[in-house]
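**Student:** Using the hints, put the two chains back together into the complex; each one sits in its own frame.
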Amino acid sequence: MNSLRLRWGRWAFSLFAIACAMSLLAIPVHGCLQAGIAYADESEETGSSSTGADDQTDENAADTSAGTAEDGQSAETTASQETEMPSNISITGLANASPLLDGTTVVFSGEVVGDAVRGEDGKEWLTLYDSESSVPVYVDEDDVALVSNFGAYGVKGTTLQVTGVYHINCELHQGEADVYAIAVSLVDPGEVESNVYDPRYLYFGLLATGFAGLLLLLYYMLRRRLR
Amino acid sequence: MWPRISLEDLRVILHYLGVLTCFLGITMLVPVVVALCLSEYEIAIHYFLGISIAFLFGTLLMLFKFHPTVLSRKQAICVTGLAWVVLGIFAAIPLYLSGHFSSTLDAYFEIISGLTTTGFSLVHDVDHLSYADNMWRFMMHFFGGQGVIVIALGLGIFGRTGYSLYTAEGRSEHILPDIKNTTRFIGKVALIVTTLGTVTLTVICLTQGLSPLNAFFNGLWITLGSYNTGGFAPHSTSTIYYQSWPFEVATLVVMLLGSTNFLLYGELWKGRTKELFCNIETRTLFWWLAVLVGVFSSSLFAGGYISDVGTVMRRGVYTIISAATSTGYQLFTNNQMHAVISSGAFFVVVLAMAIGSCSGSTAGGIKTIRLGIVVKSCLVDLKSVLLPETAQVSATYYHGGKHVLTREEANGAMVVFALFAASMVLGALLGIAYGYDALSAIFESVSATGDTGLSAGIVSSSMPLALELTYLLQMLLGRLEFLSLLAVIIALVMSPFPHLRTRRHTDYE
Numbered sequence: 001m002n003s004l005r006l007r008w009g010r011w012a013f014s015l016f017a018i019a020c021a022m023s024l025l026a027i028p029v030h031g032c033l034q035a036g037i038a039y040a041d042e043s044e045e046t047g048s049s050s051t052g053a054d055d056q057t058d059e060n061a062a063d064t065s066a067g068t069a070e071d072g073q074s075a076e077t078t079a080s081q082e083t084e085m086p087s088n089i090s091i092t093g094l095a096n097a098s099p100l101l102d103g104t105t106v107v108f109s110g111e112v113v114g115d116a117v118r119g120e121d122g123k124e125w126l127t128l129y130d131s132e133s134s135v136p137v138y139v140d141e142d143d144v145a146l147v148s149n150f151g152a153y154g155v156k157g158t159t160l161q162v163t164g165v166y167h168i169n170c171e172l173h174q175g176e177a178d179v180y181a182i183a184v185s186l187v188d189p190g191e192v193e194s195n196v197y198d199p200r201y202l203y204f205g206l207l208a209t210g211f212a213g214l215l216l217l218l219y220y221m222l223r224r225r226l227r
Numbered sequence: 001m002w003p004r005i006s007l008e009d010l011r012v013i014l015h016y017l018g019v020l021t022c023f024l025g026i027t028m029l030v031p032v033v034v035a036l037c038l039s040e041y042e043i044a045i046h047y048f049l050g051i052s053i054a055f056l057f058g059t060l061l062m063l064f065k066f067h068p069t070v071l072s073r074k075q076a077i078c079v080t081g082l083a084w085v086v087l088g089i090f091a092a093i094p095l096y097l098s099g100h101f102s103s104t105l106d107a108y109f110e111i112i113s114g115l116t117t118t119g120f121s122l123v124h125d126v127d128h129l130s131y132a133d134n135m136w137r138f139m140m141h142f143f144g145g146q147g148v149i150v151i152a153l154g155l156g157i158f159g160r161t162g163y164s165l166y167t168a169e170g171r172s173e174h175i176l177p178d179i180k181n182t183t184r185f186i187g188k189v190a191l192i193v194t195t196l197g198t199v200t201l202t203v204i205c206l207t208q209g210l211s212p213l214n215a216f217f218n219g220l221w222i223t224l225g226s227y228n229t230g231g232f233a234p235h236s237t238s239t240i241y242y243q244s245w246p247f248e249v250a251t252l253v254v255m256l257l258g259s260t261n262f263l264l265y266g267e268l269w270k271g272r273t274k275e276l277f278c279n280i281e282t283r284t285l286f287w288w289l290a291v292l293v294g295v296f297s298s299s300l301f302a303g304g305y306i307s308d309v310g311t312v313m314r315r316g317v318y319t320i321i322s323a324a325t326s327t328g329y330q331l332f333t334n335n336q337m338h339a340v341i342s343s344g345a346f347f348v349v350v351l352a353m354a355i356g357s358c359s360g361s362t363a364g365g366i367k368t369i370r371l372g373i374v375v376k377s378c379l380v381d382l383k384s385v386l387l388p389e390t391a392q393v394s395a396t397y398y399h400g401g402k403h404v405l406t407r408e409e410a411n412g413a414m415v416v417f418a419l420f421a422a423s424m425v426l427g428a429l430l431g432i433a434y435g436y437d438a439l440s441a442i443f444e445s446v447s448a449t450g451d452t453g454l455s456a457g458i459v460s461s462s463m464p465l466a467l468e469l470t471y472l473l474q475m476l477l478g479r480l481e482f483l484s485l486l487a488v489i490i491a492l493v494m495s496p497f498p499h500l501r502t503r504r505h506t507d508y509e
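Top to bottom, those sequences are chains A and B. With this note's numbering applied, the first sequence corresponds to residues 1 to 227, in that order. With this note's numbering applied, the second sequence corresponds to residues 1 to 509, in that order.
Just chain B, same shape as in the assembly (with noise of 0.2 Å):
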């Protein structure tokens, strides 16, 4: 039997769903003081209009339920589901105010994208965009990137509702013992490393030359699309823009950071500097990259158009990572991508946005540790096919300590491969459908689901409506990681039908 969602459920979800409009509603202020310190007037009242609206409805569901009780786990899912859709409605009110998109479809998928750390960007005229949009925007990242509820939980708006809603964000990690401490405790993380971060891609601006308002914004922004490896650039030559080594050195330590799991910073807090050598995450994704950037820098030296070994590892390190953290820095450009690229490293590149990075992280694609225990599963069914029948074979893995690697944790991991593998093949196939090359769809299609942003030419806001809608959901789906999206999606199919099942099942009886 499905689950369905109760006139009950509807409310309490309704409510939690108008607290957090509202509490968008009051980020929204940060981007109003930037544009009143820097005399954007038009934009400022663009975000005053978005703050009142997104308070509007967010009161008005506030009111389908005045005292709700702890979220069950089929409400927090619905809640954390819809979360990213309803948020993104508001959040994109005062993006396309600004001018800067063709159609509202566009400024809700710049947040989208944003909210998923994807990166991909339909902004017309980025240049030109003001200090305050700009601001709107990598917060997204960082919201999306740190995770809404999370960062909800942190502030204590859920009041004592908790676990469920911190799993259904596609989390699992306890840091520390209970959840509003360790989502404070990835708070912190965040501030600390975006400090570090900020300080110094700021200092390297202003040694390129930058103005010092330019310098402190351009350093601050790109922190935060690398930390929350989401990819947004304030310039239209993304990161080519800086022509800078120490800046992309910089940005690729971020990026790592990142796409590092939160656990791992909690065990190097507890001092158990052993999980970083031992992690099947850590080592899975160490020779996982080693393997790429391998194979890419050879295919580069290969293709004959690249034959300096500066070149290839500053080009072909960054892009590898950049598109195994998910961020999506490019430092090709997209004629480079078809014309000095061989197909054979664009698809090293499709693999590396495909697998990502460590889950608990801020990273996305099928996430490194499902890759360790596709591994390690296949070779615990070669060695019973090997043994004799009645040997007991087990594998163990070290992942905040030592676990033996169950059935249950085996098919979890196929689970989400399978679905991860049918979005991208499912995706690829709509954009050769609409006539494509098949690279650039295949690659288009991994980078939305992986939530990387990476991109081969094909997103931009000319491409067919029903192209924009799918990396919509996949972008959505591979960030919630598919089954809380797609549960909430089967609860409000079959909700309107609460005795279809029951009726066939009294018939069958």
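Here chain A stands alone, though its shape is the one from the complex (with noise of 0.2 Å):
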């Protein structure tokens, strides 16, 4: 029994120790990604070609683009910082934006998801979504009153054009990654969509019922007369 006992403990702490050992291996490993990322990063910002193959700063890249082709928005999406020109980009791009874009002003559009929850000091935070991602964004009560849908099942939400500053982890909201609104303005208003059904299930349903209820009668008549 005893050794029964130890061999079922060598091979569970032999199995645990592989997991913990491969997990402390990942640490460097995410480390070194995460060095190339702003390796990259810096090669960027000082004018040299990018050498870090990582996926996610490609990503980012890519978001930004995309986010500006997708909204038809200003073809212009590059060296914000350089510029101090606000940068278009989509809530996918900011969704999954490296550190580097935090304090920058960014532009973007989404549509108005939930309801505008309370903020502090007169503002609101409203949640603007496009078609993957979402970002809270703080904004004046006024820009609330703009808001004439709020995006959920059956409503397209109001889609507003956002300026604003982002935080990856902002200050005043413990470690939120937030937008504050500079300027806020009007796309489209949204609108409450028809509840379209297709009668098809309806049919398919009450067959399936009338089925359901033949099989259960005919479940008690056997049952009863198997007895």
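Source of the hints: derived by calculation from the structure; they are not laboratory data. Mixed in with the good hints there might be a few duds.
Claimed, not checked - If the Cβ cut is set under 10 Å, some of the chain B residues that face chain A in the computed set are: (1) S244; (2) Y305; (3) L331.
Just so you know, even glycine gets a beta-carbon here, dropped at the ideal spot from N, CA and C.
**Tutor:** So this is what it looks like as structure tokens:
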């Protein structure tokens, strides 16, 4: 019994040790990747060609350009920091943004979803959403008046264009990733969508209910007969 | 010799699966009522279709046996193991029809994630999901957290069949002498906590400016998600959406209540407050959380991005408790997980998810009681090495009374420990093989096995099929603590070959 226990014990701890070792090995790998991102970002800033083949950096770049293309806005998306001009970006791009974007002014559009949530000092929180991601935006109460429809089931929310400062780690809101709106403009008021249903589901449901009723009847009849 | 399922066993198992499927159909009336009250007629039809299909197949399955006898242990394990898989198929029908999923497998993944109280979500555009669909998602958390079988036993659906089903769902505590009353006690505790939690969160949501209807539903859903340690959220920004620290504190309390062993509630109900301070689980959990929060906070400070104590306390404590209770609500966004949190802090979250919280609760993971038993067992081994060979070394622990730590208990804890670790490692290796970052792959695999639902970004509708199936299996194995589901899989695989072992045995003789 004792040897059996020891065998189980060895097996258990060998596996656990492997798991721990793998995880520990992963830490320097992750660290190296992060260092790679930082290096690539630095290289971009200094104008040299980027050597960091990191997915996240590529995704950010791709999202920035994709967001611009999708929104059909200005094609100029680059070098916002150099020119001090706000950069156009999609909400998905913001959701995947690198720390380099922290504190920069960004311009993006999105549908307002959920409710307006109360903030401090006459401010409100709006959640803006594109087709993939969402971001909390801190706006003045007056800006909320622009929202005629809050996105929900059956409601296409008002689409707003926001110019604001992005924080990946907002000090005022204890580490939140948010955007402080500077200017908010209306793009599309949104609308209440009509509730369309497919009658085939109803017919199929009625048919299945009929069959289920018959089977249930059969079950109770046979159950009584076989007692 | 491996256990096999006879034809008679199969008939009984199918009958009870049919009963449970019909029961699932009845529960779909809740989203139907919600949909009709809120003019979501299209959604009401989806659930009507779901009910009719569940009844059709449920009745068909019931026809396999007209007068089922009391379930044997083997049959009970099979019913429990298969119930989660089969019910998920029927529960996924209305969700798939909502049009918010890329495929039927994604809808099934969502349901299993809900039932196993994991909280991984593959919904597209969750902010536009109907009230009825959200209600159904959170009901899955409730069924999974309380236990599908426990609910059925509490409602008397299985008649006299009880204990074998109860234990097969990963529970063993006897809070009250008989199973039916035990399950009803669990139900009463859930009802009280859910009511109090819903009222509290609704009031907070109202003060935050949400409309009364949204405040009520958000309060109810987040309470169901927190108490059942699930982690679904009705908004894409998870609990960040509410922008309220009282809301976060309230959810933390509900999460901790959900991850507390129901045995402890029973003991406190009987006035035995000593259990709270002496129980091996609560003590291990306390020290384990203290260590994790300490290391996580230090790591956040040392990382340099976060220097404010308030931020560390708010986001650090929340993240660790959310991970350790296997709830999975996030106050960090995905890019913050990679950019703001150091890899060390990331790893601490992995450890919190792996160990999880108390057994006999709604939480997942290896469980702190096993950690405590393994540590005690190691200490016994160390002592026996140091003391003379003739010395008898033993250890005791407190869990519903004082117990002597037996070899069988230590062995059992180590087996489950090993199975969890093996699943986590294999899932991580698959993620790494698909080219994902190693730490993210480990994070996701541990999150799936521990039924936590925190994500490093791999789980999405675009993840590879093999990885999606692996996470599905890991969620189910983790929720049923491996042995039930593994036993079912082995029994099902071995059953078509009834003479395999016998022939070899005869040859050997």
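**Student:** Each hint needs a verdict: does it hold in this structure or not?
**Tutor:** We went through each hint and held it up to the structure:
no.: 1; hint: S244; verdict: 8 Å, holds
no.: 2; hint: Y305; verdict: 6 Å, holds
no.: 3; hint: L331; verdict: 8 Å, holds
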